[in-house]
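Participant: Sequence:
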Amino acid sequence: MKKKIVLINLFMSVTVLFAMLFQTIHSYEHVYKQLTEKHCTHHSVDGQKQITHSHSVENNCHVCHFAFSTFIPNAFQALSFHKVTIATSYVFYYTKVASNFFKGSLFALRAPPSIV
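Quick note on this note's numbering: the sequence shown kicks off at 1 and runs consecutively.
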């Protein structure tokens, strides 16, 4: 079992080293391409526009832009909790409203209704 873990660790470290080494060797390929490229001289005539050919430069190299990263994008929304405070006014006295008008039944009376 330990031998298997040692082999897996060795394989993973060689894989990371190969990725970094391959990127370095690939950058030398770009330098070699620039050095062996044929130089192009343009002869222009005043007052006359000439479009004979175009030079294409490859700036988007996926191998050169490769980098190891520990970034993991989060796909969830962050929740933020806010304490809601409601301003209340202070009451220093209480009043009781007395009404002289009778509004319905008075359940405190425990006798049958009287006939008038």
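Treat the hints with caution; some may be incorrect.
Claimed, not checked - Now the in silico label distances, taken between C-beta atoms and shown as ranges: (1) THR36 / ILE8: 21 to 29 Å; (2) GLN34 / ASN9: 37 to 45 Å; (3) ILE72 / ASP46: 57 to 65 Å; (4) VAL14 / HIS43: 35 to 43 Å; (5) CYS64 / LEU7: 29 to 37 Å; (6) LEU35 / PHE11: 32 to 40 Å.
Hints were generated in silico from the structure; no laboratory data involved. Heads up, the beta-carbon is just placed ideally off N, CA and C, and yes, glycines get one too.
Participant: Indicate, hint by hint, whether the structure satisfies it.
Facilitator: Hint check results:
A hinted range of 21 to 29 Å is violated for the C-beta pair THR36 and ILE8, which are about 42 Å apart. Distance hint for GLN34 and ASN9: a CB-CB separation of about 39 Å, consistent with the stated range 37 to 45 Å. A C-beta distance of roughly 59 Å is found between ILE72 and ASP46, which places it inside the suggested range of 57 to 65 Å. Taken as a hint, the range 35 to 43 Å is violated for the pair VAL14 and HIS43, whose Cβ atoms sit roughly 54 Å apart.
For the pair CYS64 and LEU7, the supplied restraint of 29 to 37 Å holds, since their beta-carbon distance comes to about 32 Å. Between LEU35 and PHE11 the beta carbons are some 36 Å apart, a value that agrees with the proposed interval 32 to 40 Å.
Taken one by one, the earlier hints fail for this structure at numbers 1 and 4, listed in ascending order.
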